[in-house]
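Asker: These are the residues of each chain, in order.
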Amino acid sequence: MPEIRVTPLGAGQDVGRSCILVSIAGKNVMLDCGMHMGFNDDRRFPDFSYITRNGRLTDFLDCVIISHFHLDHCGALPYFSEMVGYDGPIYMTHPTQAICPILLEDYRKIAVDKKGEANFFTSQMIKDCMKKVVAVHLHQTVQVDDELEIKAYYAGHVLGAAMFQIKVGSESVVYTGDYNMTPDRHLGAAWIDKCRPNLLITESTYATTIRDSKRCRERDFLKKVHEAVEHGGKVLIPVFALGRAQELCILLETFWERMNLKAPIYFSTGLTEKANHYYKLFITWTNQKIRKTFVQRNMFEFKHIKAFDRAFADNPGPMVVFATPGMLHAGQSLQIFRKWAGNEKNMVIMPGYCVQGTVGHKILSGQRKLEMEGRQVLEVKMQVEYMSFSAHADAKGIMQLVGQAEPESVLLVHGEAKKMEFLKQKIEQEFRVNCYMPANGETVTLPTSPSIPVGISLGLLKREMAQGLLPDAKKPRLLHGTLIMKDSNFRLVSSEQALKELGLAEHQLRFTCRVHLHDPRKEQETAMRVYSHLKSVLKDHCVQHLPDGSVTVESILIQAAAHSEDPGTKVLLVSWTYQDEELGSYLTSLLKKGLPQAPS
Amino acid sequence: MAAHLKKRVYEEFTKVVQQQQEEIATKKLRLTKPSKSAALHIDLCKATSPADALQYLLQFARKPVEAESVEGVVRILLEHYYKENDPSVRLKIASLLGLLSKTAGFSPDCIMDDAINILQNEKSHQVLAQLLDTLLAIGTKLPENQAIQMRLVDVACKHLTDTSHGVRNKCLQLLGNLGSLEKSVTKDGEGLAVRDVQKIIGDYFSDQDPRVRTAAIKAMLQLHERGLKLHQTIYNQACKLLSDDYEQVRSAAVQLIWVVSQLYPESIVPIPSSNEEIRLVDDAFGKICHMVSDGSWVVRVQAAKLLGSMEQVSSHFLEQTLDKKLMSDLRRKRTAHERAKELYSSGEFSSGRKWGDDAPKEEIDTGSVNLIESGACGAFVHGLEDEMYEVRIAAVEALCMLAQSSPSFAEKCLDFLVDMFNDEIEEVRLQSIHTMRKISNNITLREDQLDTVLAVLEDSSRDIREALHELLCCTNVSTKEGIHLALVELLKNLTKYPTDRDSIWKCLKFLGSRHPTLVLPLVPELLSTHPFFDTAEPDMDDPAYIAVLVLIFNAAKTCPTMPALFSDHTFRHYAYLRDSLSHLVPALRLPGRKLVSSAVSPSIAPHEDPSHQFLQQSLERVYSLQHLDPQGTQELLELTIRDLQRLGELQSELAGVADFSATYLRCQLLLIKALQEKLWNVAAPLYLKQSDLASAAAKQIMEETYKMEFMYSGVENKQVVIIHHMRLQAKALQLIVTARTTRGVDPLFGMCEKFLQEVDFFQRCFITDLPHLQDSFVDKLLDLMPRLMTSKPVEVVKILQTMLRQSTFLHLPLPEQIHKASATIIEPAGESDNPLRFTSGLVVALDVDATLEHVQDPQSTVKVQVLYPDGQAQMIHPKPADFRNPGPGRHRLITQVYLSHTAWTEPCQVEVRLLLAYNSNSRIPKSPWIEGGEVSPQLETSIEGTIPFSKSVKVYIMPKPARR
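Respectively, the protein sequence lines represent chains A and B.
Take the first sequence: its letters are residues 1036 to 1635, numbered as in the numbering used here.
Take the second sequence: its letters are residues 21 to 984, numbered as in the numbering used here.
Hints were generated in silico from the structure; no laboratory data involved.
Every residue gets a Cβ at the ideal spot worked out from N, C-alpha and C, and that includes glycine.
Heads up, some of the hints might be wrong.
Calculated from the model, a selection of chain B residues having no Cβ within reach of chain A, i.e. all distances over 12 Å [said to hold, decoys possible]:
#: 1; residue: Lys432
#: 2; residue: Glu501
#: 3; residue: Thr590
#: 4; residue: Phe829
#: 5; residue: Ile846
#: 6; residue: Gly861
#: 7; residue: Gln929
#: 8; residue: Pro968
Under the rule of at most 20 Å between Cα atoms (straight-line distance), these lysine-lysine pairs were calculated in the PhoX-like manner [unchecked claim]:
#: 9; chain 1: A; residue 1: Lys1249; chain 2: B; residue 2: Lys432
#: 10; chain 1: B; residue 1: Lys800; chain 2: B; residue 2: Lys818
#: 11; chain 1: B; residue 1: Lys899; chain 2: B; residue 2: Lys883
#: 12; chain 1: B; residue 1: Lys512; chain 2: A; residue 2: Lys1297
#: 13; chain 1: B; residue 1: Lys512; chain 2: A; residue 2: Lys1258
#: 14; chain 1: A; residue 1: Lys1404; chain 2: A; residue 2: Lys1380
#: 15; chain 1: B; residue 1: Lys818; chain 2: B; residue 2: Lys774
#: 16; chain 1: B; residue 1: Lys512; chain 2: A; residue 2: Lys1259
#: 17; chain 1: A; residue 1: Lys1229; chain 2: B; residue 2: Lys512
#: 18; chain 1: A; residue 1: Lys1497; chain 2: B; residue 2: Lys143
#: 19; chain 1: A; residue 1: Lys1416; chain 2: A; residue 2: Lys1259
#: 20; chain 1: B; residue 1: Lys516; chain 2: A; residue 2: Lys1258
#: 21; chain 1: A; residue 1: Lys1315; chain 2: A; residue 2: Lys1338
#: 22; chain 1: B; residue 1: Lys751; chain 2: B; residue 2: Lys818
#: 23; chain 1: B; residue 1: Lys516; chain 2: A; residue 2: Lys1297
If we take Cβ atoms under 8 Å as the criterion, some of the chain B residues that face chain A in the derived model are [claimed, not checked]:
#: 24; residue: Asp265
#: 25; residue: Glu405
#: 26; residue: Glu407
#: 27; residue: Met408
#: 28; residue: Tyr409
#: 29; residue: Asp468
#: 30; residue: Thr472
Take the sequences, apply the hints, and build the full model.
Answerer: Encoded structure:
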């Protein structure tokens, strides 16, 4: 029985270190290769020893696919390919290929230079790893080998994020990675055609949430910033360098443009400048508005947003500053925050979730006095705002995507178990398809019934067409032919041709049957009666009375003979070939019922 | 001649003429028929290969064929068709047959038999499809012939089983276009069984080819368009097609469902998987709503558009479209809109500073959450958030249409519309503002909504701001805080964009008159009056102060208690504003002290107000006193002109009339002055120098007449006559002056000739109006015309001179509505000290933004002129697309002007101004004498002269020498 097996090494009922193994029709594919933010030991990378204990990974995996550049989807890649050892192809989209190494390098720097970890991958390893990458375009079908093919679909979420369809023969799996079904200021919405895969592996971060319209969120954000700036306050927006930061930049930039505002906006980090460069380049991956207007002006060439310098923080007058990191736990954003916290005109806007223990979390939960290092107490007088900007699909969006792709079954990853449970139930209820949610290391086996293509010879097809009515898509048709299986392909040919091809002689197979008939008359007369009876019953068939006294119906021969013992009984000998089995058996049953009484 | 006369006699009784025409027609036919078809025949016979034949056919198809020779050509084509083996040639012939049968005046029934004949023997699918197309052309040409239609439908049905999708497509098209409308028409006696066209087409809804499915739906829609009532059973079939794999099928199916829902809105359909039943229109509405979240944006646009026209839908279904249940971690959450509403009703302002502000409230029962709503839920929420702006615009339009028909829905959709004001695409923003304006009589804005609306006032696009002002003009505001907020924001807008002044004043005028009771409590604050202290008198020229006063005075019109709150200077300011901005400040009945204004009782109709009377009287005075001595006349004219000009400044609605009359009077004054010159009394050669005044006067009169003719909208023919008459006088004056000042007679010959031509021209153009011009210059001139024609130039001049002196002052009748064209250049503002630097020899683009008022046909008349410091002038013709029409009589020009010059040593200013191009010849075709076509089109479009009609703006530029 053919089957699809899926084993999450990471992201099974969990968020972080996405890594999912899929075996489909004998091909093994690894989807994403991420790290976990919550751990600093071995658990931060997926357990690759699950794949093979001692053999080389390359022998076991046909390809690796990376959905987008977030570290929880690609962070373990250099470790996996260079340290564990994998030489096969790694597929990702062009923007991912461009931005991924920047983030990996950043990650490496923090781990090695700041935390002083040993046995971590090196810059060279990142470079070597990236050499194994094969970049794909949207909707481009890439043949990994003769049978395995993959295709990327647009996923929104971040620049270059893609959903991948993995297909072998008629079996296919779609992996969504992270995606967003509502467009935002710089990216469009995820889209997939009705590809009807056997399995859809979807993220489920917001499995139990239905979000409000993005317009309200944007409006609130802009209004808050605008008000603060108008009153001469300084606005601090702590962000992570990539993804949401660009969206917020565009939002503010267009707003400044529209409203003719003059207050300066600064962006604090060098990393972002490099990434912004790629945003400028990959215009085709952005949303309609940016794509349409980039001829006049590339939206990522910010007019109002300038690079930040440490000294600017003390400048008088209003300003808006984007600073990293996003949770206010260290770095520049914290520095600026300390400087500005004392003034109630100022404002800090947290655009995303904050982990417990960070300054961001503390101020969001209403704490107004913060203990800093060195026993200092910082009194927070500035306004603290929270805005949720997140680029994952909500429950409705996930359902919408499932509806668009029409899969045979769904598998949930990248989410919390409790929430998945709800979504699973909903999916099963509304689409009537199976839904799975394996934990890490748990394998889901999915039996499939792949359709097997069979070639039919034109001659046979035409002959059958000529016989019957027009082909009707909804009704199955009976067709006589010979199935030849040769070199793993199937052909349906006429029996004569099959015999010829295989060099076999034709065997005639005849069935004979005796029917006893009570009839005192002569054999000829009996034959005559049989003839007239059949003639009247079988109106569509050619019934003939041959001169030698026998009766033929098509190619079936009926002979009447006197019974050797009982002259009052006549024996009808019915003989037919194998091909006429249907008609032959019908005739015998007809004759066994006896002849109608002669009108005499 | 005699024969001719005789014939004419016959004509009157027997009408031979018609016969004669027929004869001519037949003659023509004989001449052309053989040539055309014969040439084709020869060509086709010559052709050795199919490629050759195809070439000949292609060549042939380039030329049109006359209706008479069509049949011959068709015969030859058919003949060739039978012989031809190559399908591509047959295809071309088939398509030619179709084209030919469309020829006007040709009845194609004769070739139908042949076409059907060849159809039966044809094997190639492509040719078959083309032949069916031809049959379709024939069939549509003969809509009355039932028998032919029946036959064609039969043919189509026969070929419906073809294996090629193209043929099936065409068959369905044929059925859709020709399928019989009424069954009763066909007689039972005939062998043709009445086919149920709908059923046949409906069967192909499940064809295996998506193109055929689409064609089937289209055919069905075609049937509907032709007036055939579709069966309700189609509804279920169409619903199935909504989940088709192909977008074109889905798109067409959405249309079909819409059509059926409009046909049977009230019939009841069951809801699958439950026992309930709902109205068909509701069900269809739900289904179309579902398509708003389709995968293909083409379908989404289609669905969103159609939603707008489903007005019979029940209100609770309609309101569902705006409903989206939010939840977070399985707990019910309120939408931002609901929160805003609650805050508003609890009377508190949003703190918005807590993280948990939007914290989810109650738990939701997991079973009850329906993630994929069957039905209308949230359709517009999705549509308005769509990725493609086409969908968003369609959704906004649909919202508008539905809201117009349902006030309760209008109230509900307000939040969403307001949100659209922040869309990233300007077009969408503009559209939603317009939509809001259209439904504004159904709605009242809450304070928080008003807040969002007003935030848009800072938009840098003038279009958006103006649209918003228009919106505010007709909005209902619920609280006095709302009014205050609006006023504050508008004033902020005023300081930021001073050019919006008029628009803002107008907006406040309506805002005040709509909400008198809300303005009342605000008055002390707005006027900053104090119960005990006198406050400083505000500056009367401050536009912001005027804006506040406009609001208050308009509110005071219907709120008699308000003037009690005014301080002394307010009354003075009222009097001043009532004079200077009378269109914005209404007449108020002020208590006691303002008797003058209260004397203007409402019993006097507006058109009889004193300023108009004054205008009339002063003009009357001038016209009646024409026989006064020259000195008196001159003084009176000067006085009147001054009065009129002043009046025009004060009363903007009379400005057009006043200016127009003043200009005319000035012309007259100039003429009189010129004729008073001593020049005339002295011998010619002596006064060479002093003739300057007279010739300058003549020139100026000419200019003024052109202005009168082309710068005012609403000028009628009777004014044009007077204007032309004045111009003729000026020309006469010019001629006389030249005659006086030049020695020798030779140049005079030409001038006289020209002048006489002008007179002739005048006569031809305005012959109908001549009776009104009795006793005038022209009247006398025309009397003497035969004499003038024959006399010498010197004599002509003499006659003219006397006549000019005797000529009377013509009364200029005032038109009903007259407006002077005016233009204001908003951009460039001309205040920049930074020169525009560019490399010499290259161009620099200068954005020009101007508003035009009362310009007729600005696309062809308005030009931009750039004057360089070296005296070089350049005229730029803006593209027609650069003009926008924001309101009646108003236009807006937004264009780019390209400047270029050789290198300068230092920056210098160029002048930019707008010109009104005119061409007096373009008026001629209007007169009944000259038939159109005599004046060459070139003449009509050419520019005879230009009138500058805007203030010029100086732009600082600096062409730098190119660096090597």
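Asker: Next step is simple, just say for each hint if it's right about the structure.
Answerer: Results of checking the hints against the structure:
1. Lys432: Holds, since 14 Å exceeds 12 Å.
2. Glu501: At roughly 17 Å from the nearest Cβ of chain A, Glu501/B sits farther out than 12 Å, so the non-interface label holds.
3. Thr590: The claim holds: Thr590/B sits with its nearest Cβ about 31 Å from chain A, beyond 12 Å.
4. Phe829: holds, 56 Å
5. Ile846: holds, 15 Å
6. Gly861: Since the minimum Cβ distance to chain A is about 25 Å, Gly861/B lies beyond 12 Å and the statement holds.
7. Gln929: holds, 26 Å
8. Pro968: Given a closest Cβ separation of 32 Å, the condition holds.
9. Lys1249/A <-> Lys432/B: It holds: about 18 Å lies between the C-alpha atoms, which stays within 20 Å.
10. Lys800/B <-> Lys818/B: Judged against 20 Å, a Cα distance of about 14 Å means the pair holds.
11. Lys899/B <-> Lys883/B: holds, 10 Å
12. Lys512/B <-> Lys1297/A: holds, 15 Å
13. Lys512/B <-> Lys1258/A: holds, 16 Å
14. Lys1404/A <-> Lys1380/A: With Cα atoms ~17 Å apart, Lys1404/A and Lys1380/A stay inside 20 Å; holds.
15. Lys818/B <-> Lys774/B: holds, 17 Å
16. Lys512/B <-> Lys1259/A: Measuring from Cα to Cα gives roughly 18 Å; hence the hint holds.
17. Lys1229/A <-> Lys512/B: Violated, because 52 Å separates the two Cα atoms, which is more than 20 Å.
18. Lys1497/A <-> Lys143/B: holds, 17 Å
19. Lys1416/A <-> Lys1259/A: Given that 20 Å is the threshold and the Cα spacing comes to 16 Å, the pair holds.
20. Lys516/B <-> Lys1258/A: It holds: about 18 Å lies between the C-alpha atoms, which stays within 20 Å.
21. Lys1315/A <-> Lys1338/A: holds, 14 Å
22. Lys751/B <-> Lys818/B: Distance of about 14 Å is within 20 Å: holds.
23. Lys516/B <-> Lys1297/A: This hinted pair holds, its Cα atoms lying about 12 Å apart.
24. Asp265: Holds - the Cβ of Asp265/B comes within 8 Å of chain A, reaching about 5 Å at its closest.
25. Glu405: holds, 6 Å
26. Glu407: Status holds, d = 4 Å.
27. Met408: At about 6 Å, which falls below the 8 Å cut-off, the nearest Cβ of chain A leaves the hint on Met408/B intact, so it holds.
28. Tyr409: holds, 6 Å
29. Asp468: With a minimum Cβ separation of about 10 Å from chain A (threshold 8 Å), the hint on Asp468/B is violated.
30. Thr472: Since the shortest Cβ distance to chain A is 6 Å, the answer is holds.
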